[in-house]
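Engineer: Spelled out from the first residue to the last, the chains are:
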Amino acid sequence: MVSLPRAGGTNGIHDEPRHRQPVRIDVEELGKSFGSFTALNDVSLTVRPGELLALLGPSGSGKTTLLRAIAGLTATEEGTIRFDGEDATALGLRERRVGFVFQQYALFRHMTVFDNVAFGLRVRPREERPRAGEIARRVRRLLQLVQLEGLEHRFPSQISGGQRQRVALARALAIEPRVLLLDEPFGALDAKVRKELRRWLRELHTETGLTTIFVTHDQEEALELADRVVVMRAGKIEQIGTPAEIYEEPATPFVCEFLGGAARFEVEAREGETDVLGGTFPIESDAGYSGPAIAYVRAHEIEIVSREMAEGVPAVIRTVRPFGPTITVELSIEGRAERIEADVPRELYDGGEIKEGQGIFIRATSARIFPAG
Amino acid sequence: MTDVSLRTHAAFSSPVGERIRTRAALTVLALVFLALVLILPLAAVFTEALRKGAEPFFAALVEPDALEAVKLTLIVAAIAVPANLLFGLVASWAIAKFEFRGKSFLVTLIDLPFSVSPVISGLVYILLFGAQGFFGQWLAAHGIQIVFAVPGIVLATIFVTFPFVARQLIPLMEAQGTVDEEAALSLGATGFQTFRKVTLPNIKWALLYGVLLSNARAMGEFGAVSVVSGHIRGKTNTMPLHVEILYNEYNFVAAFAVASLLAFLALVTLVLKSALEWRYGGELAASGRH
Numbered sequence: 015m016v017s018l019p020r021a022g023g024t025n026g027i028h029d030e031p032r033h034r035q036p037v038r039i040d041v042e043e044l045g046k047s048f049g050s051f052t053a054l055n056d057v058s059l060t061v062r063p064g065e066l067l068a069l070l071g072p073s074g075s076g077k078t079t080l081l082r083a084i085a086g087l088t089a090t091e092e093g094t095i096r097f098d099g100e101d102a103t104a105l106g107l108r109e110r111r112v113g114f115v116f117q118q119y120a121l122f123r124h125m126t127v128f129d130n131v132a133f134g135l136r137v138r139p140r141e142e143r144p145r146a147g148e149i150a151r152r153v154r155r156l157l158q159l160v161q162l163e164g165l166e167h168r169f170p171s172q173i174s175g176g177q178r179q180r181v182a183l184a185r186a187l188a189i190e191p192r193v194l195l196l197d198e199p200f201g202a203l204d205a206k207v208r209k210e211l212r213r214w215l216r217e218l219h220t221e222t223g224l225t226t227i228f229v230t231h232d233q234e235e236a237l238e239l240a241d242r243v244v245v246m247r248a249g250k251i252e253q254i255g256t257p258a259e260i261y262e263e264p265a266t267p268f269v270c271e272f273l274g275g276a277a278r279f280e281v282e283a284r285e286g287e288t289d290v291l292g293g294t295f296p297i298e299s300d301a302g303y304s305g306p307a308i309a310y311v312r313a314h315e316i317e318i319v320s321r322e323m324a325e326g327v328p329a330v331i332r333t334v335r336p337f338g339p340t341i342t343v344e345l346s347i348e349g350r351a352e353r354i355e356a357d358v359p360r361e362l363y364d365g366g367e368i369k370e371g372q373g374i375f376i377r378a379t380s381a382r383i384f385p386a387g
Numbered sequence: 007m008t009d010v011s012l013r014t015h016a017a018f019s020s021p022v023g024e025r026i027r028t029r030a031a032l033t034v035l036a037l038v039f040l041a042l043v044l045i046l047p048l049a050a051v052f053t054e055a056l057r058k059g060a061e062p063f064f065a066a067l068v069e070p071d072a073l074e075a076v077k078l079t080l081i082v083a084a085i086a087v088p089a090n091l092l093f094g095l096v097a098s099w100a101i102a103k104f105e106f107r108g109k110s111f112l113v114t115l116i117d118l119p120f121s122v123s124p125v126i127s128g129l130v131y132i133l134l135f136g137a138q139g140f141f142g143q144w145l146a147a148h149g150i151q152i153v154f155a156v157p158g159i160v161l162a163t164i165f166v167t168f169p170f171v172a173r174q175l176i177p178l179m180e181a182q183g184t185v186d187e188e189a190a191l192s193l194g195a196t197g198f199q200t201f202r203k204v205t206l207p208n209i210k211w212a213l214l215y216g217v218l219l220s221n222a223r224a225m226g227e228f229g230a231v232s233v234v235s236g237h238i239r240g241k242t243n244t245m246p247l248h249v250e251i252l253y254n255e256y257n258f259v260a261a262f263a264v265a266s267l268l269a270f271l272a273l274v275t276l277v278l279k280s281a282l283e284w285r286y287g288g289e290l291a292a293s294g295r296h
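Those protein sequence lines, which keep their order, are chains A and B. Under my numbering, the first residue of the first sequence carries the number 15, and numbering increases by one thereafter. Under my numbering, the first residue of the second sequence carries the number 7, and numbering increases by one thereafter.
Be careful, since some hints might not be right.
As the list claims (entries may be wrong) - Residues of chain A placed beyond 10 Å of chain B at every Cβ, according to the derived structure:
hint: 1; residue: ARG108
hint: 2; residue: ARG111
hint: 3; residue: GLY113
hint: 4; residue: PHE116
hint: 5; residue: GLN118
hint: 6; residue: HIS124
hint: 7; residue: PHE128
hint: 8; residue: ARG138
hint: 9; residue: GLU141
hint: 10; residue: TYR261
hint: 11; residue: GLU262
hint: 12; residue: GLU298
hint: 13; residue: PRO385
What the hints assert, rightly or not - What follows is a set of in silico ranges between Cβ atoms, one per label pair, in the way DEER data are often shown:
hint: 14; chain 1: A; residue 1: GLU352; chain 2: B; residue 2: PRO177; range: 58 to 64 Å
hint: 15; chain 1: A; residue 1: ARG151; chain 2: B; residue 2: PHE198; range: 39 to 45 Å
hint: 16; chain 1: A; residue 1: GLU43; chain 2: B; residue 2: ARG107; range: 27 to 33 Å
hint: 17; chain 1: B; residue 1: LEU112; chain 2: A; residue 2: LYS209; range: 45 to 51 Å
FYI, nobody ran anything at the bench for these hints, they're computed from the structure. Cβ atoms here follow ideal geometry from the backbone N, Cα and C, with glycine treated the same way.
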């Protein structure tokens, strides 16, 4: 990746000292409904200064509504949003000074890249508006920051999707925003560009130091990019945590399922323990629980055991995907209609033991158990 | 092998394509129909107008009553078109960018002048503002004359040309949504700046197209205007009304001369419209969210 110019000092994008410190955002008991549909239900959340936070959830979970509410694009009925303690709900869209990158970028199609980026500076009241030369200087610097020098005179229709995305970012940064909000920033891009831009956005965040929130429905994107992830469902926050916490200790069955890659088992628990795939695991959330429970086992938590060991569960290999550092196999076990995915070390595959139709024994090394209902 | 592929290729024709003969028949039919219904009458207007040479033709155009009619037509259009431009903008903005109760009713209402006979539109104004109308006495007491005067003609014209601008803008603005405006506002623009720098450039071609159609109709309207005008020569006669009077007086050359002026206006509108469609077609395709 090309190195980015340093932010801060005279070269930074924050020329005005009052916006240099990253802002802390407090969302307090926020509520919003569209007719009979509850988009946000008593949502509270603190975004730390300078943090890169992901709002993760399926469509209709309220993540975009929350982002738009923080921006001031959607009015909320209940609750407060504070920027550094100051009540932002009382401020209009313009006063909040939020850099917002729209899902489809919303670039002004009749303006060049340069004019798009300059827009926020040119519409300022006369007394705050920089002179034309100063505007040009700032726009050039921003285009340099987003690596789009030389494209100033192109129109949005004449550049690629990834480039449009970066124009939208530069345009949002031009107003020296207090916070940066991105709605599905990579949603409209193809897989390769997504990966590149993801890394680039991470670097840009380090450069600008802005408190940044982005919305995504892609768990991989959220876990890879964010400092902390907020998992949302049906207008409520399901879990807040670092990517490692979310992945290792999902708080609810929903989080577990949304992150994907886990097989679900319906089991019986007795006194806080349950048997799954030849292993016995505790229910961490409810130690003494007895009754129906749901267990989740991830592909890498299934090991293949030799026949001699008693605790293995018999399984048949149905398909083998022999690429990458680990081999993923699909297994079928007795009494279960859906297949289970398991990661198998390469050596086993190379040893010729892994082939379609082969009967094996498997065992879970770890599992997440939740009381059912 | 080669043989087979060649033969299938030659035999292949588009599944929706017709036989050559059918195609030719359809084209000829359409052309003959157009010639009979459109081109022939248009040609007749110009030949009739020039039947006795250029001199009577121009004499009919510069005659005082004709000049008054042209002047009145221009005045009416100059008031009605901007009024509809303003109304069309406001209505389509409201319909495309906001959700409110009674929205579909408003959309239907905008279409009303298309579905109502122009004569009835004119009669409505007589009923409202005529001597025996609802406001007749009050207006008479205050010395304001609407019917059989210029204000009535303007009102009737506005009514008839009401839908043109709004009809052009509503679908376009609905397709474009509000995200560009949100972007502009979040970047710190005021409502007016947003309108001037973002909304207006996005709709300018459609707007121009609507104004053009609205203008053509405003200048050519006969029915509604005929009811409210009172046909006072040199005073409340627009060009279409003037043509009728001349025709009824068997003054064919003069009638067709003025008519040819209107026909010429129609042709100019048609050319401009095609030019705009060519331009605005591209714009529309580009506005489908890059």
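Engineer: Could you let me know if the closest chain B CB is still more than 10 Å away from the CB of PHE116/A?
Structural biologist: Contrary to the label, PHE116/A does not stay out of reach of chain B, its closest Cβ about 6 Å off (not over 10 Å).
Engineer: Closest CB-CB distance from GLU141/A to chain B, is it above 10 Å?
Structural biologist: holds, 14 Å
Engineer: For the range 45 to 51 Å, tell me whether the beta carbons of LEU112/B and LYS209/A fit it or not.
Structural biologist: holds, 48 Å
Engineer: Report holds if the minimum CB distance from ARG138/A to chain B is greater than 10 Å, and violated otherwise.
Structural biologist: violated, 6 Å
Engineer: Can we confirm that no CB of chain B comes within 10 Å of the CB of GLN118/A?
Structural biologist: Contrary to the label, GLN118/A does not stay out of reach of chain B, its closest Cβ about 6 Å off (not over 10 Å).
Engineer: Just double-check ARG108/A for me: nearest Cβ-Cβ distance to chain B has to come out over 10 Å.
Structural biologist: violated, 5 Å
Engineer: Go ahead and decide if the range 39 to 45 Å is satisfied by the Cβ distance of ARG151/A to PHE198/B.
Structural biologist: At 28 Å between Cβs, range violated.
Engineer: Is it the case that GLU298/A keeps its Cβ farther than 10 Å from each residue Cβ in chain B?
Structural biologist: holds, 43 Å
Engineer: Please test the hint of 27 to 33 Å on the beta carbon pair from GLU43/A and ARG107/B.
Structural biologist: holds, 30 Å
Engineer: Check the following: the C-beta atoms of GLU352/A and PRO177/B are separated by a distance inside 58 to 64 Å.
Structural biologist: Violated, at about 47 Å.
Engineer: Confirm or reject: GLU262/A is not an interface residue toward chain B, with every Cβ-Cβ distance exceeding 10 Å.
Structural biologist: Holds: least Cβ distance 37 Å, greater than 10 Å.
Engineer: Hey, is PHE128/A genuinely clear of chain B, shortest beta carbon separation above 10 Å?
Structural biologist: Given a closest Cβ separation of 14 Å, the condition holds.
Of the numbered hints given earlier, the model fails hints 1, 2, 3, 4, 5, 6, 8, 14 and 15; all others are met.
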